[in-house]
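There are 2 protein chains.
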Amino acid sequence: MTFELTILGSSSALPTSKRFPTAQLLNANERFFLIDCGEGTQMQLRRFKIRFGKISHIFISHIHGDHTFGLFGLLSSFSLLGRKNALHVYGPPRLKEILHIHFKAFDIHLPYPVIVHPVQFEREDIVYEDKSITVQSVPLKHRVPVCGFIFREKPRPLNLIKEKIEQYNIPVRELSKIQQGNDYVTEEGMIVSNKELTLPPYNQRSYAYFTDTVYLPAKISLLNNIDLLYHEATFEAKEGELARITGHSTTMQAAEMAKNAGVKKLLLGHFSARYKEISPLLKEARNIFPDTVAVEDGDQFNIPVGRIPRK
Amino acid sequence: MTFELTILGSSSALPTSKRFPTAQLLNANERFFLIDCGEGTQMQLRRFKIRFGKISHIFISHIHGDHTFGLFGLLSSFSLLGRKNALHVYGPPRLKEILHIHFKAFDIHLPYPVIVHPVQFEREDIVYEDKSITVQSVPLKHRVPVCGFIFREKPRPLNLIKEKIEQYNIPVRELSKIQQGNDYVTEEGMIVSNKELTLPPYNQRSYAYFTDTVYLPAKISLLNNIDLLYHEATFEAKEGELARITGHSTTMQAAEMAKNAGVKKLLLGHFSARYKEISPLLKEARNIFPDTVAVEDGDQFNIPVGRIPRK
Numbered sequence: 317m318t319f320e321l322t323i324l325g326s327s328s329a330l331p332t333s334k335r336f337p338t339a340q341l342l343n344a345n346e347r348f349f350l351i352d353c354g355e356g357t358q359m360q361l362r363r364f365k366i367r368f369g370k371i372s373h374i375f376i377s378h379i380h381g382d383h384t385f386g387l388f389g390l391l392s393s394f395s396l397l398g399r400k401n402a403l404h405v406y407g408p409p410r411l412k413e414i415l416h417i418h419f420k421a422f423d424i425h426l427p428y429p430v431i432v433h434p435v436q437f438e439r440e441d442i443v444y445e446d447k448s449i450t451v452q453s454v455p456l457k458h459r460v461p462v463c464g465f466i467f468r469e470k471p472r473p474l475n476l477i478k479e480k481i482e483q484y485n486i487p488v489r490e491l492s493k494i495q496q497g498n499d500y501v502t503e504e505g506m507i508v509s510n511k512e513l514t515l516p517p518y519n520q521r522s523y524a525y526f527t528d529t530v531y532l533p534a535k536i537s538l539l540n541n542i543d544l545l546y547h548e549a550t551f552e553a554k555e556g557e558l559a560r561i562t563g564h565s566t567t568m569q570a571a572e573m574a575k576n577a578g579v580k581k582l583l584l585g586h587f588s589a590r591y592k593e594i595s596p597l598l599k600e601a602r603n604i605f606p607d608t609v610a611v612e613d614g615d616q617f618n619i620p621v622g623r624i625p626r627k
Numbered sequence: 317m318t319f320e321l322t323i324l325g326s327s328s329a330l331p332t333s334k335r336f337p338t339a340q341l342l343n344a345n346e347r348f349f350l351i352d353c354g355e356g357t358q359m360q361l362r363r364f365k366i367r368f369g370k371i372s373h374i375f376i377s378h379i380h381g382d383h384t385f386g387l388f389g390l391l392s393s394f395s396l397l398g399r400k401n402a403l404h405v406y407g408p409p410r411l412k413e414i415l416h417i418h419f420k421a422f423d424i425h426l427p428y429p430v431i432v433h434p435v436q437f438e439r440e441d442i443v444y445e446d447k448s449i450t451v452q453s454v455p456l457k458h459r460v461p462v463c464g465f466i467f468r469e470k471p472r473p474l475n476l477i478k479e480k481i482e483q484y485n486i487p488v489r490e491l492s493k494i495q496q497g498n499d500y501v502t503e504e505g506m507i508v509s510n511k512e513l514t515l516p517p518y519n520q521r522s523y524a525y526f527t528d529t530v531y532l533p534a535k536i537s538l539l540n541n542i543d544l545l546y547h548e549a550t551f552e553a554k555e556g557e558l559a560r561i562t563g564h565s566t567t568m569q570a571a572e573m574a575k576n577a578g579v580k581k582l583l584l585g586h587f588s589a590r591y592k593e594i595s596p597l598l599k600e601a602r603n604i605f606p607d608t609v610a611v612e613d614g615d616q617f618n619i620p621v622g623r624i625p626r627k
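As they're listed, the protein sequences go chains C and G.
Here the numbering used here = 1-based position in the first sequence + 316.
Here the numbering used here = 1-based position in the second sequence + 316.
Just to be clear, a hint being listed does not mean it is correct.
Note that identical chains are pooled: a pair holds if it fits in a single copy or bridges any two copies.
[Stated by the list, open to error] Straight-line distance between alpha carbons at most 25 Å, and here's what the computed DSS-like set of lysine-lysine pairs gives: (1) 365 to 334; (2) 592 to 365; (3) 420 to 580; (4) 334 to 412; (5) 447 to 334; (6) 365 to 580; (7) 554 to 575; (8) 420 to 592; (9) 599 to 554; (10) 457 to 420; (11) 592 to 370; (12) 334 to 420; (13) 493 to 400; (14) 535 to 480; (15) 493 to 457; (16) 447 to 592.
The set of hints was computed from the structure by calculation and includes no laboratory data.
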């Protein structure tokens with residue numbers, strides 16, 4: 317029941333001696349989603365001891381080198397490691413062509429299927445769904461088409477208390493009704509309340525990844541009740557104009573997004589290489605939204621599983 | 317008068333938690349030659365505190381990802397750092413097209429000229445020359461066209477001893493003759509021996525880079541008197557057949573090359589990721605050629621300057 321984000325790279329376009337270009341890994345119940353893939357992502361996966369074979373889904377926010385140049389090496393390494401399983405890549409429509417051109421130029425023939433899913437960049441869309449999670453794309457605004465991604469666990473049913481089910485000798489056919497919240501009526505007509513038979517469901521955890529974007533307050537409603545928001549903060553607060561021109565955000569803007577959306581925790585990253593010290597940037601954001609962290613490569617953020625309190 | 321090699325990456329195709337893909341930097345008298353450029357080269361340059369602006373010449377041995385995928389990020393970073401100076405890239409004829417295709421796909425417009433010099437892959441050739449150094453390409457044999465490079469300092473003249481020149485009041489027009497080894501005859505007809513007027517010249521230092529190749533004893537004569545030889549040693553000695561099939565060399569073969577050529581020091585690298593411990597591989601090579609080092613990322617090898625002893 318893990319829901320954990322690992323920061324693989326947190327620099328902006330220019331890497332530093334301590335920060336690799338952007339890449340993150342979300343472990344959602346042992347399904348591993350790689351989010352962006354800057355140069356060196358495969359080395360960071362090695363460094364942080366994440367097994368390559370666990371990754372079958374890669375989400376690419378936009379076609380800039382600091383978010384994509386690691387794809388070539390990673391996909392080649394998958395091949396050297398004998399991968400056979402399909403790899404699904406979600407990203408801008410041009411990504412498929414770019415990968416094709418690259419593999420052709422380098423005469424690379426991967427021994428596993430790469431399925432590129434073009435992401436809708438005009439409106440929000442569910443781009444991935446399985447039994448426990450959905451991934452929503454959120455168009456953002458940068459110098460090239462870009463989208464963020466929101467990972468949300470699906471609602472879960474009530475959990476049956478095994479001992480109680482046995483105690484009342486409840487037939488299997490009744491169980492799904494109880495999981496939906498119904499009381500149970502015994503053959504003798506006695507009502508057993510649902511509360512006695514079930515535990516409340518687990519919480520639906522969520523992570524939103526907003527990178528390389530100008531300040532977009534119009535998207536705040538999409539972030540309501542998000543547990544963890546990563547928002548780029550390339551520049552300090554006073555560089556609002558520079559941020560706007562270059563298609564980026566400031567610390568203050570990221571914090572405003574977090575505050576107005578009411579997220580639980582804010583992560584900042586994608587810092588410009590001009591900042592040798594990040595603590596002043598963090599302080600600016602915390603003045604507006606106290607539960608803010610300036611991420612570093614290797615940081616992990618775990619959202620614990622817990623049961624939703626009954627009303 | 318520095319002649320120093322820095323290992324930026326020493327893995328074979330699969331990077332490990334400690335080794336990045338192949339890249340090296342040769343500082344030859346403050347001219348910096350980047351040799352191959354595997355993924356993450358720019359991060360290693362940052363890590364080992366090498367200023368990007370110092371690099372104007374890049375040598376690429378062959379078009380495999382683990383020797384080239386770092387080019388894209390590095391060239392983009394040069395651009396972000398405001399580079400204006402031309403960058404010279406020496407490599408396989410197809411390299412120019414590959415770079416062109418890449419920049420087009422990513423819509424990258426570099427603000428500095430990139431001059432790609434196609435390297436002759438059929439025979440040895442001087443591919444670079446300036447007043448103090450030559451770079452010779454040496455065709456090797458791998459699964460794709462590949463060449464090694466030999467960096468050699470040019471012969472230097474005798475050094476004039478300033479005090480002696482003044483003492484004998486030698487006119488400027490005579491100096492070049494003395495530098496060529498001639499004695500000086502004073503107006504009075506006295507012969508001043510060249511040995512009294514000059515110091516012997518500095519040694520000509522040399523570095524040979526042999527990567528991704530099967531064992532090629534035919535090339536030994538090219539390595540005579542080389543100070544420092546890097547030779548790939550992807551496999552241990554007993555894997556000779558695997559080495560041959562995959563186009564690589566073993567520890568023993570690398571050591572045989574060093575021994576038979578009479579180089580001064582041998583560096584091994586490009587180890588297969590299958591070897592968790594490199595010391596057994598090193599031992600195999602040292603049995604044949606004692607002055608062998610198994611390189612690690614960040615290692616530096618300095619060849620000191622010294623005067624050639626007079627005969």
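> Should residue 535 paired with residue 480 be assigned to within, between, both, or neither, using CA atoms and 25 Å as the limit?
Replying inline: Classified as neither: same-chain Cα gap 45 Å, cross-chain 81 Å, threshold 25 Å.
>> As a check of your reading, is residue 420 near residue 580 (CA-CA no more than 25 Å) within one copy, between copies, both or neither?
In response: Classified as neither; 45 Å inside a copy, 42 Å across copies.
>> When Cα atoms must be at most 25 Å apart, do residue 447 and residue 334 count as within-copy, between-copy, both, or neither?
In response: neither (38 Å within a copy, 38 Å between copies)
> Are the CA atoms of residue 334 and residue 412 at most 25 Å apart within a copy, between copies, both, or neither?
Replying inline: Classified as neither: same-chain Cα gap 31 Å, cross-chain 32 Å, threshold 25 Å.
> Between residue 599 and residue 554, at a C-alpha cutoff of 25 Å, which is it: within one copy, between copies, both, or neither?
Replying inline: within (13 Å within a copy, 59 Å between copies)
>> One pair to classify: residue 493 and residue 400, alpha carbons no more than 25 Å apart. Within, between, both, or neither?
In response: neither (41 Å within a copy, 71 Å between copies)
>> At most 25 Å between CA atoms: does that hold for residue 592 and residue 370 within a copy, between copies, both, or neither?
In response: Between copies only: 22 Å across chains, 35 Å inside a chain, cut-off 25 Å.
> Checking residue 447 and residue 592: alpha-carbon separation at most 25 Å within a copy, between copies, both or neither?
Replying inline: Neither way: residue 447 and residue 592 sit 44 Å apart in one copy and 39 Å across, limit 25 Å.
> Under a CA distance limit of 25 Å, which applies to residue 365 and residue 334: within one copy, between copies, both, or neither?
Replying inline: both (18 Å within a copy, 12 Å between copies)
> Between the shortest in-copy and the shortest cross-copy C-alpha distance, which are at most 25 Å for residue 334 and residue 420: within, between, both, or neither?
Replying inline: The answer is neither: 34 Å in one copy and 30 Å across copies each exceed 25 Å.
> Given a CA cutoff of 25 Å, do residue 592 and residue 365 count as a within-copy pair, a between-copy pair, both, or neither?
Replying inline: Intra 28 Å, inter 15 Å, cutoff 25 Å: inter-copy only.
>> Cα distance capped at 25 Å. Does residue 493 pair with residue 457 within a copy, between copies, both, or neither?
In response: neither (45 Å within a copy, 70 Å between copies)
This entry does not satisfy hints 3, 4, 5, 6, 8, 12, 13, 14, 15, 16, going by the numbered hints stated previously.
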